[in-house]
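J.: For reference, the chains in residue letters:
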Amino acid sequence: MTSALLSVENAVVDLPTPRGNLRAVDHVDLAVGAGRTLGIVGESGCGKTMLSRAVLQLLPKKAKLSGRVMFDGQDLTKLSAEKLRKLRGRSLAVVFQDPMTSLNPVLTIGTQLIETIQEHLELDLAQARQRSIELLAAVGIPAPEQRLAQYPHQLSGGMRQRVAIAVALSCEPQLLIADEPTTALDVTIQAQILDLLAREQQRRHMAMIIITHDLGVVAGRTDEVAVMYAGRVVERAPTPALFKQMRMPYTEALLAALPKLDVAPHTPLPAISGRPPDPTRPLKGCSFSPRCRYSAERCASEKPQLCSAETPEHLYACFHPIAARVGA
Amino acid sequence: MMLQAAPNPLMKVENLVVEYSVGGKTIHAVSDVSLEIARGETLGLVGESGCGKSTLGRAVLQLRQAVSGKVLFDGHDLTTLKGEALRQMRRRVQLIFQDPIASLNPRRRIGDIVAEPLVIAGVKDPDERRRRVAEVLSAVGLDPTLVSGRLPHEFSGGQCQRICIARSLVLNPEFVICDEPVSALDVSIRAQILNLLEEMKARYGLTLLFIAHDLAVVKAVSDRVAVMYLGRLCEVGPSEQLFARPAHPYTALLIEAIPVPDPDVRPTQSVPVGEPPSPIAPPSGCRFRTRCPRADARCASEVPELRLVATGQFAACHHPLI
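Residue numbers (UniProt numbering), protein chains in the order written: chain A, 1 to 328; chain B, 1 to 322.
Next up, chain B with everything else stripped away, as it sits in the complex (with noise of 0.2 angstroms):
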C-alpha cells in the first residue's frame, strides 16, 4: 500500500510497529502505521489520548524503539542507525512538547537553555553561539537582551513556548514534530502561538509534523491531515477535504463532537458510540468497529487496508462514507 504524498518524501514511515510492555501484558501503540510527509508540507496527526499518536511522534526520532518498520529521513533509515551517525541526524529533526513549562530546566537561564542545543552540536565559540540563540529569541518575539539572563518561573506558559520554540529551531532543523504544542495554553495565547509556529514554519523553510486532539487547531495550520485511532491510521488526506467529506465513519464522529461556537448550531444527540476499546487487547479486523454504527460481520474478522477513496485521501474502512 503506497500513500505517495510527493515523488520525494522528507520523512518516510514504512509498516512502524511499536508495542509496551507492561506488567506482562502487550500494549499495541502503534501497529503498521505508514505515512509519508513532502519537503515543506505540514502533516497534522489527530487522535484521542492513548490513540498512539505521541508514541507515533517518539518512534520517528528513535526516543521509542519500533518493534519492526522503518523510518526513512531523507532517505537514511533512522532505525538503523546508531551512535555519532543518529546523533547527526537527529540536529535535523527537532520536537516541542506539550507542556512548555515543563520542558524547560527551572534552575538555568533562558540563554543557556536556548544555546544547549548548539553546545551539544560542538559550536565552540561562544559569541557564535550567542548570536544565533539572540537571532532565534527575536524569531520567535522575545527581546534577547530582556530575556536571556532569566530564569524559566518568570515567563507565562505562552512565553515559555516560545522560548521552547526558539530551542528547537536553533540548530536550523528541517523537520520538527510538534507534540500538542497548544493543548497546555488558553485559547488567546494558542492563536499566538499558531500564527507563530506558521511564521517559523516559512522562515526557517521547515517540514513539520503537527500532533494534536483538536481538529480545528490541526486544519488551522496542516496541508494534510492523518487520523489515527487505537495504533492504527483510520484515514489520511488534505485537510480541507477530509474535513469537507470525511470517508471513515471515525473521522466523521470526530467532527461531529466537537462543540460549536454557534446557539443556533444545536448539539447533535451524540450517538451512543461508547468509550475506545484497551489497546492491549484491541478488537479483531477494524479496531474502531466496537463504537461504530457501520460495523458488520466483515469488520471483525478482516482489517481493513488504507485505500484511496478521492484524489489524494484514503480511508481503512470497508464501508466508507463516500
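So here's chain A without its partners, still in its complex pose (with noise of 0.2 angstroms):
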C-alpha cells in the first residue's frame, strides 16, 4: 500500500526487563489511509498500546524500536526530537483511556486548549479561544464559554474525554489515535463517545486507529481490523469479512467467548482455557497453541507466518486455519 498515510513496517520492539528481554511488538507490519479507521484488537499485555507508542515515538526510554514508522512520507524512526514534537499534536494527536491522566489537573480546560493551538499553528489569543469555544461545541460540550475556565475534576468523566478530544482534533491532525477511548467510561457516555469519534473522522477525513480490547466497539466503527496476540498481528482483515468467516481460530475463540444478550442465561460460555505466554518467555512456534484447539505438532514447533486467504487483503498467521463456510 503505497498510498497509505501511515505504515508500519516489520516494527519489533523490545524491553528488557529484570526477567529478560520482552519482546513486546514481534514483527508487526500495518498501514491505514487518510479517511480510514483501523481497529487493533487485543487482550491487556497483547502489545497493543506498545505498537501505538511506537507510532507516536513515545516508547518508555529502555524500549528499543526496529522496523519503520512511515508517516506522511517520513521515516518518524529517523526524526529529531524536535521535529517530532512539532508533528505530535499538530498532525498526529491521540485520545488516551483515562482522561483524567492526560488533562492537567491544575490548568483550565482554556488553557490547554489554547496552549495546545498557540503551540502549532499561528493564532492570536482570541482567535484561539475561538477555535477553543468551536471545538468544544463540536465535541457536544453544553456552554463551552463557560467551560474555557473550569478545571478538569470540575467535570464528569465523558465530559472530560470530550475535551480530550477537542484538544486531540484541535490542529487538525491528519492522524488520530484512540488508544481505549472509552474503557473507562459508562456504556451509554461510550456510545456518543464512539459516534462522536466517527463523526469527526468522517467530517475531517482524518485516518483514525482505534485501540480496544473489545470486538464490539471495532465491529461497527471500522473500515480493517488487526487482531494481536503475544505481541504478533495474528489476523488482519477488512471488517466485513473479519466477521464474516475469522480464520484464526484466536479471533474465533475471543469472539465466542464474549457474553451475549441474546444466549439464554446460565450458558456455559465457551472459554479459552489456560492464559496468554509469559512474554519474557516467547514460544517457539505459534503463541496461541498450547490454549487453541485446532493446534497440532507443527503449531509448537514453528511459527506461522501471515499470508493470505481467498482476497490478499484478509491475512491470517495459522496453520490450520478455520475453514471457509460452505457458501459464506
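Just so you know, the hints here were simulated from the structure itself, not pulled from any lab data.
Think of the CB as a built atom: it goes at the ideal place given N, C-alpha and C, for glycine as much as any other residue.
Check each hint, because a few of them may be wrong.
Straight line, CA to CA, 25 angstroms or less: simulated SDA-like cross-link-like pairs of lysine to any residue [to be verified]:
1) A/Lys260 <-> B/Ala216
2) A/Lys260 <-> B/Asn15
3) A/Lys86 <-> A/Gly73
4) B/Lys82 <-> B/Gln62
5) B/Lys124 <-> B/His153
6) A/Lys260 <-> B/Val260
7) A/Lys260 <-> B/Lys201
8) A/Lys62 <-> B/His153
9) B/Lys12 <-> B/Ala102
10) B/Lys201 <-> A/Thr267
11) A/Lys62 <-> A/Gly35
12) A/Lys61 <-> A/Leu121
13) B/Lys25 <-> B/Glu41
14) A/Lys303 <-> A/Asn21
15) A/Lys83 <-> A/Leu121
16) A/Lys62 <-> A/Thr111
17) A/Lys244 <-> B/Ala216
18) A/Lys244 <-> B/Ile255
19) A/Lys260 <-> B/Ala252
20) A/Lys260 <-> B/Val119
21) B/Lys201 <-> A/Pro265
22) A/Lys260 <-> B/Gln98
23) A/Lys303 <-> A/Leu65
24) A/Lys303 <-> A/Thr49
25) B/Lys201 <-> A/Asp262
26) B/Lys12 <-> A/Pro265
In silico contact screen, one side only, chain A against chain B (beta carbon under 10 angstroms); selected entries [claimed, not checked]:
27) Gly45
28) Leu123
29) Gln192
30) Ala256
31) Ala257
32) Ser273
Join the two chains, each given in its own frame, into one complex according to the hints.
T.: Structure follows, in C-alpha cells:
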C-alpha cells in the first residue's frame, strides 16, 4: 500500500526487564490511509499499546524499536526530537483511555486548549480562544464558553474525554490514535463518544486507529481490523470480511468467549482455557497453540507467518485456519 | 409495594436508604430500594458508575450503615444486629470484589489468605483448616500443593480472582455478593471466571447478588435482573424477558448502547441523552427524566412507583414501553 498515510513496517519493540528481554511487539506490519479507520484488537499485554507508542515515538526510554514507521512520507524513527514534537499534536494526535491522566489537573480547560492551538497554529489569543469554543461545541460540550474557565476535576468522565478529544482535534491532525478511548466510561457515554469520534473522523477525513479489547467496538466502526496476540498481528482483514469469516482460531475464540445478549442465562460460555504466554519466555511455535483447540504438532515447533486467504486483504497466521464456510 | 420473588426469600431488602455526607452535602446513594432474592437464585444488579449499586451491596452486608430500611437475611434484620450476633450472621454472607489483586494481601501466602476466614470463625485445628483450604482451592481449579505456599504477585488477575472466590467460599456461605467480579479481567479470562461462579453456585448451593455494569455479563449468570439509576430501581424482572422487552426507557437505552460484535448491525446513532445528573441533587420525580425521551410534567412532579408491567416484571415509570 503506497498510498497509506501511516505504514508500520516490520516493527519490533524490545523491553529489557529483570526477567530478561520482553518482546512487546514482534514484527508487525500495518497501514492506514487517509479517511480510513483501523481497529487494533487484543487483550491486555498483547502489545497493542506499545505498538501505538512506537507509532507516536513515545516508547519508554529503555525500549528498543527496530523497523520503520512511515508517516506522510517520512520515517518517524529517524526524526529529531524537535521535529517529532512539532509533528505530535499537529499532525499526529492521540486520545488515551483515562482523560484524567491526559489532562493537566492544575490548568483550566481553556488554557490547555489554547496552549495546544497556539503551539502549533499561528493564531493570536482571541482567535485561539474562539477556536477552542468552537471545538468544545463540536465535541458536544454544553455552554463551551463557561467551560474554558473550569478545571478537569469539575467535569464528569465523559465530559473530560470530550475535552481530551477536542484537544486532540484542535490542530486538524491527519492521524488520530484513540487508545481504549471509552474503556473508562459507562456504556451510554461510550456510545456517544464513539459516535463523536466517527463523526469527526468523517468530517475531517482523518485517518484513525482505534485500539480496544472489545470486538464489539470495532465491528461497527472500523474499515479494517488487526487482531494482536502476544505481540504479533495474528489476523488482519477488512472488518466485514473478518466478522463474516474468522480464520484465526484466536479471533474466533475471543468472539465466542464474549457474553451475548441473545443467549439464554446460565449457558456456559465457551471460555479460552489457560492464559497468554509469558512475554519474556517466547514460544518457539505459535503463541496461541497451548490454548488452541486446533493445535497440532507443527504449531508447537514452527511459527506461522501471516499469509492470505481467498482475498489478498485477509491475512492470518495459522497452520490450521478455520475452514471457509460452504456458501459463505 | 411488594416484589414477591418467592414465598420465603433468603434476602429481603425493604425500603433501604443510604446517604453519605460529603463536604456538608448529602449524596443520595440508595433511595428507598426494595428487593427480594429467593434461595438458590442469582439476582443481577446493573447500572452505570455512581448509580449506587455497590453501595447497595455494601449496605446489605452492613459495611455501610443505612439511614433507614431493613435488610432481612433468612428472617433476621441485619440492620439491628450488633457485635457477635452480626459476626455470626456475616459468616453466611460473603463478598467478592472487582479488583482481585488489590483484595489480596501481597505479603501473605495463598494458603494463609484462604484460611483466614476459618481462623476468624474460630476453627482451631490446623489440619481441619488445611483440609478445608485444599478442598476449596481444588474446587476453584487451583492445585493446593502448588499454590498454598506462594504469594499473590506470582499469580495473574484471573488466578487471583479464583483465590478470592476460594476465600469467600471457605466458610460455606449461603449468600455471596459479587461486586463487578469480572470487569477487571480480559475477555478470555472473564468467561472462565463466569463459568466458575456458575459451577460454584451449583456445587455449594449459593444464592448470588451479582453486581455489574455490563448487561451481557449480567444476563449470562442471572435469573432475574434489577436495573438501578441514580440510587433508585428502575426495573426488575426475569432476565430473558427484561432484555427482550424492557419496560423502562433507561433499560432500553442501556441495551441499545451495547456495541454489538457484528458489522452488519450498524451502531444506532446514539440519542442525545446527555449524562447522569449528580446524586447530590437528583432530579425531582423520576430521576431519569432529564435524559428520557418520554418525560413530561408528571415525571417531574411525581416519583414513579415500581409496578407490575408483565409477569414478574416491574417498572418504575409513568410511561413504560410495555
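J.: List in ascending order the numbers of the hints, as given earlier, that are violated by the structure.
T.: Per hint list: 2, 5, 9, 11, 12, 13, 16, 20 and 28 violated.
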